[in-house]
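Q: Take a look at the letters that make up each chain.
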Amino acid sequence: MIVKDAVCPFCGCLCDDIEVEVEDDRVVAVTNACELGTTKFMGEKRLKGPILRDGDEWKDITCDEAIRYAADMLLSAERPLLYGWSGTHGEAQCVGVHMAELVRGVIDNTSSVCHGPSILAIQEVGHPGCTLGVVKNRADLVIYWGSNPIDAHPRHLSRYTRYAEGFFLENAFRDRKVIVVDVRKTETANIADEFVRIKPGGDYAVLSALRAIVQGKTETIPRTVAGVTREQLIRVANLCKSAKFGAVYFGLGLTMTRGKYKNIRNAIELVSELSRHTKFTISAMRGHYNVYGSNEVNTWMTGYPFGIDFSRGIAFYNPGETTAVDVLARKECDAALIVGSDPAAHFPRRCLEHLADIPVVQLDPYPNATTAFCNVQIPVAVTGIDAEGTAYRMDGVPIRTRKVLSTDYLSDREVLSRMYALMQEAQER
Amino acid sequence: MTELLVKNACVIDPLRGINAETMDIAIRDGKIVEEVSDAAEVIDARGMLTLPGGVDSHTHICGTKVNFGRYMSPEDMRAGRTPRRGPLHSTSGYSVPTTYGNSYRYSVMGYTTLLEGAMAPLEARHTHEEFIYTPLQDTMANTLFDGNWGIMEAIRDGDTKRVAAIIAWTLRAVKGFGVKLTNPGGTEAWQWGKNVSCIRDPVPYFEVTPAEIIRSIVEANELLGLPHSVHLHCNNLGTPGNYTCTLGSLGLIPDLNKKRQTLYATHVQFHAYGGSGWKDFCSKSEPIARFVDMRPQIVMDMGQVMFGRTTTMTADGPMEFNLYRLHHEKWSNHDVELETGSGIIPVIYRRKNLVNSIMWAIGLELALLTKSPWQCLLTTDNPNGAPFVKYPEIIALLMSKKYRDAEFATIHPDTAARVPLPAIERELDWYEIAVMTRAGQAKALGIQDLGKGHLGPGADADVAIYPLRIDEVDPATDYQKVIDAFSRTEYTIKRGRVVARRGECLIDGSNATFWVRPKVSENYDMGKDPDFIEKFDRYYTVRMRNYPVQEEYLNRNRCIETEARI
Chain A
1 MIVKDAVCPF CGCLCDDIEV EVEDDRVVAV TNACELGTTK FMGEKRLKGP ILRDGDEWKD
61 ITCDEAIRYA ADMLLSAERP LLYGWSGTHG EAQCVGVHMA ELVRGVIDNT SSVCHGPSIL
121 AIQEVGHPGC TLGVVKNRAD LVIYWGSNPI DAHPRHLSRY TRYAEGFFLE NAFRDRKVIV
181 VDVRKTETAN IADEFVRIKP GGDYAVLSAL RAIVQGKTET IPRTVAGVTR EQLIRVANLC
241 KSAKFGAVYF GLGLTMTRGK YKNIRNAIEL VSELSRHTKF TISAMRGHYN VYGSNEVNTW
301 MTGYPFGIDF SRGIAFYNPG ETTAVDVLAR KECDAALIVG SDPAAHFPRR CLEHLADIPV
361 VQLDPYPNAT TAFCNVQIPV AVTGIDAEGT AYRMDGVPIR TRKVLSTDYL SDREVLSRMY
421 ALMQEAQER
Chain B
1001 MTELLVKNAC VIDPLRGINA ETMDIAIRDG KIVEEVSDAA EVIDARGMLT LPGGVDSHTH
1061 ICGTKVNFGR YMSPEDMRAG RTPRRGPLHS TSGYSVPTTY GNSYRYSVMG YTTLLEGAMA
1121 PLEARHTHEE FIYTPLQDTM ANTLFDGNWG IMEAIRDGDT KRVAAIIAWT LRAVKGFGVK
1181 LTNPGGTEAW QWGKNVSCIR DPVPYFEVTP AEIIRSIVEA NELLGLPHSV HLHCNNLGTP
1241 GNYTCTLGSL GLIPDLNKKR QTLYATHVQF HAYGGSGWKD FCSKSEPIAR FVDMRPQIVM
1301 DMGQVMFGRT TTMTADGPME FNLYRLHHEK WSNHDVELET GSGIIPVIYR RKNLVNSIMW
1361 AIGLELALLT KSPWQCLLTT DNPNGAPFVK YPEIIALLMS KKYRDAEFAT IHPDTAARVP
1421 LPAIERELDW YEIAVMTRAG QAKALGIQDL GKGHLGPGAD ADVAIYPLRI DEVDPATDYQ
1481 KVIDAFSRTE YTIKRGRVVA RRGECLIDGS NATFWVRPKV SENYDMGKDP DFIEKFDRYY
1541 TVRMRNYPVQ EEYLNRNRCI ETEARI
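In the order they appear, the protein sequences are chains A and B. Sequential numbering of the first sequence, starting at 1, is according to our numbering. Sequential numbering of the second sequence, starting at 1001, is according to our numbering.
The set of hints was computed from the structure by calculation and includes no laboratory data. Every residue gets a Cβ at the ideal spot worked out from N, C-alpha and C, and that includes glycine. Please note that the accuracy of each hint is not assured.
[To be verified] Simulated coverage check for chain B against chain A, where a stretch passes if three residues somewhere in it have a Cβ under 8 Å from a Cβ of chain A:
(1) 1129-1143
(2) 1466-1478
[Said to hold, decoys possible] Where chain A lies over chain B, by a calculated footprint (3+ residues, C-beta under 8 Å):
(3) 1233-1241
(4) 1280-1286
(5) 1530-1541
(6) 1545-1558
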């Protein structure tokens, strides 16, 4: 059987034109997806059933036992942390928010360690953006800043920018210019029309210089700014001003380097400035296929995109205090539920030391680095493969992922709903 | 079977011509019935003012831009928050509350039906997801067609039936309710950083004018037999002198429908400005009201501005950019491929600001100068003019000259020379307020036959009982009592259950979503049209099969089928 128009649950591009060939409830071939997506669709080595740590060993337990364990853990915790959420569907994220509210926990998603600073910048100056199709059909200038789509979002170039067809571009490949700004010559830089190489940590200065040039203050620019020559800066600024439609896509190279959210703020203000001359937009290259959905769900349900603390009953948001890394580093939380992410692979050592000391339940189809820290792991269906549900693309477009095969695994939503029901029952007693 | 009897209610039910009669309301299984058994639970309304549940025919509560308003505004989220309590979830936000915040606060004010004013088709799923978490009101969404490529091409080709066919396909796909035009043509021009100044400017590339878009889509709307008329946010919002553009747009509209208006012009306050610039900015509410008085085919809503902080959000991207250049606050914009766009900025309307003072006066003038309350409905274009929690104050202002004068004394002193408000003596009565907040809104939306906006047998049992005796309160002088009563019902009843009592919501409900499926002939099924399919595949970034909103996204599914004439 071939499933058409399947939705790839890997990165924020959320490609929805995938063809998946299924035989005997196994994926045997994947067409249209990139290497990352294909690997995910073909992925095997899932955990067979829930496991419980028993001394140095793992013991198989039933799903009911695992769910009961998690519910009891959360109910008896004083300050539970519910973390992850970017690798699951929106319906599960909604249940997660209700659970956090019920146990007065902290709920945070992976954006606190990726595009969190971008969100802080947006909260200061706003976000002039657009859907990916607007760029595809109109943009004659695309800038990748601190992002390397060839490795991280392989089909971004072919679906939306460099190699995409565009309604208003006669010969899109020739008429569309691509600028890459980075500290090293990446694969993406090789296919750019202009490569701007910045000394590490110099992004803020380069953005400020471009803003000055766009404002007509060229005479204030020194001979070089963070390793970029004045001539090149002027050339880039002119390319921007003369474009009919420009689009900036930035990645963690801008968000997580020196300056952090100030870099993003500066980039957004450059785009707002350019909007007085021509059409310009800016957007983040979001990582997980549904990290943006997690921000959206949290926002409509609690008012904030990530890092929400319910310990006072109300939703309280203070990134740097109510975000997962901080709650762990301060050894504050006394239990953790991890859903759809792998913090052990990404968090600082100090956080992991604390994670090792507290009860942890993880919902994840595969054994991962966090498994080593778990007391219980519940393997679930993979959204987009054996579970369906809503995901939000990096530009905010919501798409319902398809189920391409059937398995006995429960979805995240089903597991969490059962957990939440037990918790509600216990609270009513 | 559950039964409820509301006794001794002082009922105003304009759709049935009932004006302040003391009567009982019988409810069985969520519907109003003739009578109930003795076993029914009884609520003694003790002569309190009892109205059909409130209907808001233009509000922004759910969807991409509303949520982005929250996302970018933690300061607004902090400005209003309540903890989880009993069956109620926590809420955050003042001008753009979380979905639960919207739902609980509207419910406490007696509102039971809400129309989201602007849903981009491509992002419709998001609106429907948020509807699920708006539990205490029935919901429906106006769907944006202002910059739709397929439609503009069909208009250029003079093919109104194809326009109708594209609307039909889209409404069905995105589970939309009505047709919304926001700055028609302007949202497409804005994707090049441009705008259209009024109805005669051609849209870049497509070479159709806003006037052609409006006229053609109005015709298409009637070909499809949709319950609601076209819902128009005119071009040129917010600029001095724009009233001529507004009159020009309203003048395009023939009278095509016997049951309701042919055009719903929204937040007309923002479109009723005189002057050649900000220096001689003034009210032009009079010519607009007079124009509407003579045309039964037009219904408008106020779009009242109230002083204080709020967040503006609209599909009108270029207007928001202009506002950003005036206010220098944070600015967000979100263009949507092949369809529309949106913009958001926070604003503060100040009494000490002359322009803001004039805007405040214009909204009130529109309501007071328009003869029929059925033609000027009460809204703030929530949250653009003010958050909806200000409705009770607006009601009181419309009912009391004394209150208006007291407020007028606190605003910019030059306002008097620019607006007719001080000379207007009219004070609206309870019946007119009932029209402007529920009956008129239900009629304009075309949902009275679906049991909304009235209390006749067969209607949905949505009832608002306010703690106020109209024979004891003189609204002209006791305006604070009017504000208090409309801020907090004694009982709000939704689908036959008491959902709010004296300012507290009592249960977690489950809403219904109304949407429209026009039945068109095979030839006009765009799902099978090769040209439509080809363009979709080439220029959208979502596959056509993944575009429609599945029925899983509808809590209670109220599909309205219409017989289209194509």
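Q: Hint compliance check: list the failing hint numbers for this structure, sorted ascending.
A: Checked against the structure, the hints that fail are numbers 2, 3 and 4, while the rest are satisfied.
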